[in-house]
Each structure stands twice: as C-alpha cells, then as structure tokens.
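Trainee: Quick mapping for you: the protein sequence lines, in order, are chains A and B. Reminder that position 65 of the first sequence reads as 65 in the numbering used here, one-by-one numbering, no gaps. Reminder that position 41 of the second sequence reads as 41 in the numbering used here, one-by-one numbering, no gaps.
Check before you lean on any hint, since a few could be wrong.
As the list claims (entries may be wrong) - Listed next, with one range per pair, are the computed distances between beta-carbon atoms: (1) B:Ser420 / A:Arg78: 19 to 27 Å; (2) B:Gly396 / A:Gly41: 22 to 30 Å; (3) A:Pro81 / B:Ala297: 42 to 50 Å; (4) A:Gly30 / B:Ala297: 20 to 28 Å.
What the hints assert, rightly or not - A partial selection of chain A residues facing chain B, derived with a Cβ cut-off under 10 Å: (5) Leu25; (6) Arg60; (7) His80; (8) Glu93; (9) Leu144.
Please keep in mind that the hints were generated in silico from the structure rather than gathered at the bench. By construction, the Cβ of each residue, glycine as well, lies at the ideal position given by its N, Cα and C atoms.
Read off the chains here:
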Amino acid sequence: MTGPRSLRVVIAEDAALFREGLARLIADRGHQVVAAVADAGALLAAVARHDPDVAVADIRMPPTHTDEGLRAAIELRRSHPRTGVLMLSQYVETTYAARLLGGSAAGVGYLLKDRVADVSEFADALARVAAGGTALDPEVVSQLVRASRHTDGLAALTPRERDVLALMAEGRSNAGIAAALVVSPGVVEKHVASIFGKLALPPSEADNRRVLAVLRYLGSWPA
Amino acid sequence: MGTTDQVKATASAVVRAPFTRRAWRELLFCAIEVPLGLCALVIPIALAALPVLVTVLARDGGHPLPRSAPAHPYGLIAVLLVLLLLAPRAGRRFGAAHRRLAARLLGERIGGPPPIRRGGGVTGRLTATLRDGPGWRAAAYLLVKLPVTVGELYAVFLAAAGLANLTYPLWWPLFRNHPRGARLRPAGALTPFGTLHIATFPGTLAAFAAGAAMLLAAPWLARAVSSADRWLMRGLLGPGRLAQRVADLEQTRAMAVDDSAAQLRRVERDLHDGAQIRLATVAMNLGMAREKLGDDASPAVRELVDAAHQGAKEALIELRNLARGIHPPALDNGLADALATLAASSAIPVRLTTAIPRRPAPAIETIAYFCAAELLANAAKHSHATAVAIEVSEHGQTLVLRVSDNGRGGADPARGSGLSGLAHRVRTVDGSMEITSPPGGPTQVTARLPLHA
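The following block holds chain A by itself, in its conformation from the complex:
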C-alpha cells in the first residue's frame, strides 16, 4: 500500500439516499466524488468525461432493474482499463461474478452493500480496486469456490492453502490474511509461496502473481 492518496471517484446508484450516503463516506475519506449518477448510461458518460480512478456502481439500476450496472461495468473494463470498477449489490450472483471477472481480476471489485457499513474495510477495498487490485466479497468467493470445487485444478492445495487463496481472492494483503487467520505474516508468506509453486506461477512481480493465482483459482469455474 502506498498510503492514502486522493482518488477521483464516480458513483452510480439509483437510490438517492444510498448514493448520497456513499458520496459522503467517500468524500469523508479524502477522495473526490467527481460525479454521482443514477443509471448505467450516465455512468458510462461520466466515466468517459472524468476518467476517474474508480467507479462504484450498483448492479441493479433502471430501466430494467436487472443487470444494467454489470453490463456497464463490463463495458467500462473494456473501454477504460485503467479505471477500477467496484460493483455493489444487495445480492451475490455467481454468474454475475463470473461475467464481471471475465478472465481478469485486476481492478475489479464485487461487494455486498452490507460491506459499506464497515467503513474502513470498504475504503480499503475502494483504494485496492483503484490501484488495480481485487476486492471480492467473501460471499462471492465462497460461491465461486463452491461452484468450482469439484474441478481438480486446485486439488494439490492443502485446505489451509485454499483458505489463504480464498482470502487472496478477496483481495487481502499478506498482513490482512495473517490477521484473518490469526497466524503470523511469516506463515502466510510460506503458504503463498507454496501456492505459487503448486500452481506453477512464474516468479515475477508479486502482485501480478497474486492476481494470476486468484484467476487460476476462480477461472476453474466456467464463465
């Protein structure tokens, strides 16, 4: 982590109450909300205009209230690869997660709206996605894991290593994983190295390998 830097954020959420609360929360954290809009079309326009660091968007928005936010996000990932996309939703849908990831977990987040209530964790997730990292809701991860568990791509991993990988998929750092599993960072590092070895990921820049591991992990689920 490079410490808190001010992010330029676009918000798309059709419920005015939640949109305003979210804008306040993000502004409170020292970021700049350059646009707060209410539908997917406006989201695309706002991103094209402001080129923000990250876009926070609801999945269900007018007019059909199904997945227009998600479709806009996929479009944004293609047209503005440098803008992180953090999806918020009341529900976790496996197929949505698979479509959103679409072969790359860089600069993507998918969180339940509940997570916003844990303000600092949400702020961390926002910063991570803006920096090209990943922030997946534990629910998303566990669903994707269950959906993929009987494929044997990850069979070589021990249960503990799978736990570590699952936390990696949520987007946590080694320190975060250590805190979650109540072990020392050194133990986590050993696990991570072992995972990289077993998944035959080439030694390169650490963050890139993490993303690759996560993708290997999630990619065993057919999108």
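On the provided structure of chain A, position chain B as indicated by the hints.
Mentor: The following block gives chain B in isolation, referenced to the frame of chain A:
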C-alpha cells in the same frame, strides 16, 4: 283498456316487423345460410357419386374397362374413408364460417372449439383427426341443420316472392296496357298456397295482398328458423359447456398463477428499492458514526452505536434472505442464471446442466426454481448425498427439471418432507412430478412443467 292496448301493441309490432333492422339481418342470415348449408352437403354427395359415376361411365362407354366392376365397391370404400378423414376438418372449417356469419348478422358470439391437439407423425395426425370431438360435432351440425336450412330457404322465399307480389299493381298498367280483345295468358304470382293466376288489374290487388301477408310473415319465420339455427350452433359448434368451463378455468388459473408470480416479484422489488436500501444506508451511517466517535466517546455510547451497527447489518442479512425466498432476483435473468447461483450456494456439490433455448413464462420459471431449491435442501437435509445433479431441458412444450442425488433414498411424499407440497405446486400448472427413491438410494425427482401456465 289494457287488452286493447295490448292488441294494438301486438298489431303494430307485427306490422313493423318487416321494417326493422333485425328482421333484415335475420333474413340476410337465412339467405346466406341456405347456400352455405347446402354447400357442405354437396361435397360429400359429389364425392360419393364419383365412383358411381366412374363405374357408370365405364360401363356405358361402349367398351367397358377390363377391371371396372370391382372399382365400384373399392372406390366407394375409398371415398368413405376420405370422407371420414375430411369430415372433422371440414366440419371445423364450415363451422367457423357459420359461427362468423351468426356473429356478424345475429350478434350471436359463440366461442370457437379448442384447437385440435396435434400428434406427431402421420399416425399421430390421423388419430388426432379421428378423435377430434369438436370436429365431429361440427360435422354433425352440418347434417342436423338440414331441416333448418329448408326453413331458412322458405323464409327467404316468403320475403322474395312477397316483395315481388307487391309490385304487381305497379307494373300491370305498364306492361298489360294491351288493346281490348287481346288475350294474354294470366300472370302467375307465387304464394305459399299455390300460384295465383292473375288476368285482370283487380286481380293484381289480390297478389298485392298475398305479398303483403307473406312479407309480414317472413320476418317471423326467419326469426324462428334463425333461432333454431343459433340453438344448434351453440350446442354443436361452440366449445361445449364442459369444455368451455374447462377452458375458462384454465385461463383464469393461468392468470392467477402469472399474477401471483408477478406480485411476488413486485414485493421483492419493493423490498429491494425500499426497506433494504434504507437499512443499508442506516448501517452505513452507523458505520461512519462509529468511526467518527473515535476513542474519546464514552464507552456506553460506543457500545450503543456498536450494537446498533451490528443489529442493522444482521437485519440486512435477514431481510436479504427473506427477499430471496420471495423471489430470487437472478430469476429476472432466466432460470439458468438463477439455478447457477442456487447451485453455487449449495452445501453439497451440484452438477448443473441447463438447455433452455426458449424462456418459459415467469411463473413457470419460479415454480421450477423453487422445486430445485426445495429438492436441493431436501437432499442436504435427509439424503446424506455427496453429489447432486440438476438437469433442466426442454422437450417440445415441456420444461423438464430433474434433480438426482447419490444419497440413501427413501424419500416418500406421503411422509411430508415437502415433496407433496412440491407436487401440488407443480400440478397448479398442469405439470407432473415423478419420484423414484428406493431405500438405499439413489433419489431422482423429475418435474415436467408446461412452458406456459
């Protein structure tokens, strides 16, 4: 005086009858029904006559064909078979024409019979035709209405000849202004009681009187025969009372099923856009409040805010589960998506295969989804299964959902366990459910649902 008024009213009704729109419509109905009714009979008669004609021609042609003699019975049998196959279809066609006519001219709207149930292949079609009850009833109508057709013909005759008779005094002076002494044959005027022979101008007045009487009588006869025809049509061309009732019930039930699915969807949406988002906002605000309190707030206040924050988050989870139970939002994107999410959140590994090229009605998707969810929950609770397979496919107009597990079996709808409830739910849309679950397993449940309720 009451009776005089009554007599007057009746008399004026009798006199006015020929001049009402209704009378003319009924007469016109009779006039069109006559050829239409006869037409339906001409076809079978012509067909039956054909082999006879062929045989007769072959015999009388002077040089009989070598094997013409057996042609007659075989030909007749062939024609009878063709008639047998044609009768229900022709009955439906002609029946529809008669119904249209009655609707147009008499305002008698008779619902059409239910569509013929199509079978697959040539034999399927054949049996469908032969067992087409409404088609046969329509064919019976064409035969039974023959006496009515005669009555209709008579009504048309009364009106047409009556009208012609009225004109005698008009044209008599124009065409019969011959020199004295010339002898012309008397002119004939048709009446129901034979032909009037009219030789003099006063005689034309008799024709006029007869014509007036016929014209007065025609509407009443037309009304009587068209009423009889309507009665026959209602009985034989309509869907039938029982069939109509069944059709009505099917329709209202489908509406009720669709309506309840739509209503549940609306409730879920209202929760999503209302209570859930408000609660999420409350939780978010409490989260921010908690951060802003910092360390210098009193422990009591911190504790209260913490409790409120925690409570709001838990309520949010409960509310989400409730909403998902009412209508899973993923269903809006189709059954396949919804089942994928369902499978992913299952405790037992699920192998899901879906092949749903055409989307079923929302109500059907909802029923199929909840069936799968319930069966999956059953498998998790009772079966000790380690793997479940969910397969969804379409066969013709049927959606087939099959859930099987490798558990210990012994599922019995008679012993509660939600299976009988599921079967009831499936039956509300004319679906069926088949359960095989021998002791020791495996369990396989197959639900068949129509694509549309």
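Trainee: For which of the previously enumerated hints does the structure constitute a violation, in increasing order of number?
Mentor: Hints 1, 2 and 7 contradicted; others consistent.
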